[in-house]
Structure formats: structure tokens, C-alpha cells
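Each chain, written out:
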Amino acid sequence: MGEAYVITSGKGGVGKTTTSANIGAALALQGKKVCMLDTDIGLRNLDVVMGLENRIIYDLVDVAEGRCRVQQALIKDKRFDCLHLIPAAQTKDKSAVSPEQMKEIIDSLREDYDFILIDCPAGIEQGYKNAVAGADHAIVVTTPDTAAVRDADRIVGLLEQEGITPPRLVINRVRQHLSDSGEMLDVDDVTSTLAIDLLGVIVDEDDVLKAAHKGEPIAMNPNSRASIGYRNIARRMMGESVPLMSLEEKKGFFSKMKKLFGMKA
Amino acid sequence: MEQSSGSQYITIKGTKQGLTIFLDDQCDFNELMKGLEEKISNEQQLVNDGPKVAVKVNAGYRYIKEEQERDIAKVLSKTATIEMKELESYVMTKEEAKRIREEASITSFSSIVRSGQVLRAKGDIVLLGDINPGGTVEATGDIYVLGALKGIARAGIDGKKDAVICASIMRPKQLSISDKYYHAPERHEQQEDLLSEPLYAYYEQEKDEILFEKMKVLTYYTSRRDKKTADVK
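Heads up: the protein sequence lines correspond to chains A and B, in order. The numbering used here puts the first sequence at residues 830 to 1094. The numbering used here puts the second sequence at residues 0 to 232.
Chain A extracted, bound-state conformation (with noise of 0.2 Å):
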């Protein structure tokens, strides 16, 4: 049986949709198999940052309004031995499915795969509500910056009271020499607020974005350390203990070290 994991924020623009392409991936490499689902109804993204956009003949909406089996409106992604996606419909809006039937469009991937990643819309309304009805656990995306862990904690706020397992956090962005010197947030500031599981840090590197416009997940690419960043958060969803990696390797890392497993204990 599948679990599906919700990739949301509540903020915009901090990586929902590129996190959730390069978990897909790197879960895929890992020989899991795994669907995506896009449920920015409106606003769909994920197939443009798979670069599998122009395959899309069926949508999320023709699924739940029945004009098409959910087997018709996946789309194989031929670099991977199993990674599928259902991609968003672009010419409707949020209120053009249900939270219930979500859960049932969900429900019956779980038999075929091992991971289904939602890709949360960004805000906290109606594609929102959607997005998290099929979940069972969550992973909240956040950049190290203050307007992103206030909205990082407001939804944290609401997940808490959706009856899932509490959501694990993967910080997005992170430029180590800004935190360093106390110009922007780090790690251990954005941990500390929201008081949730840290399930990985990613890097800010040139190549996410390259990658994303060569709509081929940074994940495929094994020597940037974003990609590391990813290929670890996908071992440790699979239920692997693997170690942070250092951000730079500068003096103190040791230290930090111990105070990021001292948030995860």
C-alpha cells in the first residue's frame, strides 16, 4: 500500500512544486515507484518542471468528474522505471474538485505504488483543503526567510489539526554565508520556531533553476549538492537514518551538527 505525502507552505514561490519533482525523482531513482499528483487547478506547474507538458491529454478535473480512468490521465515519465504523473487542469479552478474526491482519486493509486507526492497549491483555501484530504503525512517546504516560516507555521498550525502524522519540514534555499553572518535566518533559527521534524535542508544553487528549464529534475543530476539534498530526503522518507549534510565545511560543523539531531530527537 502507497503512502501519499502532501508537499505544501502556505507561502508561494519558496519550492513546493521543485521539491516535490526532485522527491519524485529521487524516490524513482531509488526504484520506488512513485505518482505525482498536481493539484494547482488552474496554475499547473509540476509537468512543465518534469518537462512532460506536452503529453497532457487528460487532467486531475476529467479524472474526478469520471470522463476518463485515472489509468488514461497518468503520464509516464521515460526517464524512471516508475514515476507517473496527473497533472492539473489549466482552464478550471479550485472549486472544480472535492476534498472527496480526492481521497478517491487517491485511494485508488495506493495499490500501485509506493509513494504519492501532492503538490499543495500555494494558500490555505479550498486547493488547500483539496490537496490534504487524501494525505497521510506532510512535508512543509520553507525558505529561510521570516515571511516564509510565519506562513511555514500557520500551516503547521492547521496540518496539526487534520488528524495525519505531524508534518516534517524541508528548508529550501539555504545560502550558508548569508546565515553565517546573521543576515538572514539559518537552519537551526527556522527549526527552533516551527518545532518540527527536519526532514532535509537543500542548498540555493544555479543549477535547480537550469535544471527546472531544462525540465529535467535537478535530482538526475548526482554532483550538485541540491541533488544530494534531495537523494537524502528520499532515503530518509524511505526510512533510512542518513546524516545532514554539511552545508560548508568550515569550523563549527561539528557543532551544528549535533544541534540539528538534537531538534530531531
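For the record, the hints were derived by calculation from the structure and aren't laboratory data. Possibly wrong hints are sitting among the right ones.
[To be verified] Among the chain A residues that face chain B by a calculated CB cut under 7 Å, a handful are:
no.	residue
1	Arg979
2	Asp982
3	Arg983
4	Val985
5	Thr1022
6	Ala1024
Ideal Cβ positions, reconstructed from N, Cα and C, are used throughout, including at glycine.
Assemble chain B onto chain A, guided by the hints.
Frame of chain A; chain B shown alone:
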């Protein structure tokens, strides 16, 4: 003889604390008021001479409604010297009793108050956890945070001016005690980091603002406050 039948409901006694007028609690209220008027017209030399005296009125086991209290005060104010300072009664309504009990209660919560969440309670609140930026805690009494106060805390929301807000880590965005507000300096302004140890916030009447003090002085503040409330009673 008829005269005394009305004024027998009223007894005036002098005690150490001053003059107290005892009202009979068994008779009809209208009779009582008539009696009161008779009594003060009979005791001209007591009520119309000398300096102004504030008296206590004791209604015994009679529940006095607000308008009845006003009536009593009006009758007494007809005299030149007597002024009602306080009306005392041994009974109160269920609502009032409930309110008093709620206000005297301490409710403890163990959670993180996150952005967008509001935690509200009557009486005092003890929070085992943080108040994150964007989160709010409201109490009619005091607020004690065993954690970091990084959001908003409102104490004494029903007007209790001597409520306090305590926190292990005091970094609030905003505080209010009764109708007085404090807000932290904007982020782009220079922020002095005096708030890194356990502190309590209280309302200072003379300066008319919310001030912070180290936790060890709190006992002094609360004991003074408790004494003040005892005096009023």
C-alpha cells in the same frame, strides 16, 4: 408607633471602619426604602451636621439589583453629609459567582501557539510552549509563558490593569494589558537585546506605559497587588 414600623428595618452602627447602615433583608424592598427615608428624616442631627461621611451599606442576605442600588444611593444623597461608599451584600447571582470563579482560575495549556492561532481563556493562562510570531494568547488575568513569547500576548482583556505577562524568553511582537499597548521596535530599527532573560511585563500607572522587569521582582509586584485587592474588599 406607625413611624417606628418603617424605620425599624434600618439600623445605623458605628464601627472602627466608620458608619455602617444595616438594612433588614426580610421585608419588602419598597417598605425598606420607605423606612430608610423615615430614618434619615428622623435622625436630622446625625445626618445634617458635621463633615461629609462615607458610609457602608450592608444589605444582609438580600440581593440588590443595580437600579435598587442607585435608589438607595439617591435617598442617602438627599442628606447633607451622608454618601454611600459601598454596598455590601452576602448574596450574588450565579453568573457573577461563575465569573469570579473563572477569573480566579488558572488554565494550563501545553502546545505551541502558531501563526494564525488564538488561545483564549478566562482567568490566568499558563502556557507550556512557545507563542510563535503571528500567534495570540488572550486572558482576562495573567499570562505565564514557559517558553518563548515571540507573538502577541494580551492580559487583562476585561480591563484588569494590574495583570502581568511573564515569559521565559520575552521577545513579543506586541503586548497589551487592559487597554494599554506595547509593540516591539520595527525589525529595521535597532533592537536592544535586553529581553534575553525571563521577564515580566506590567502596566506602570505613573508613566502610563507597559514596562519590563526581571522575574525576581515579580513577587514584590504580586504581593503588593494582592494587598491592594484585599484592601478594597
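Results for each hint:
no., hint, verdict
1, Arg979, "holds (5 Å)"
2, Asp982, "holds (4 Å)"
3, Arg983, "holds (4 Å)"
4, Val985, "holds (6 Å)"
5, Thr1022, "holds (6 Å)"
6, Ala1024, "holds (6 Å)"
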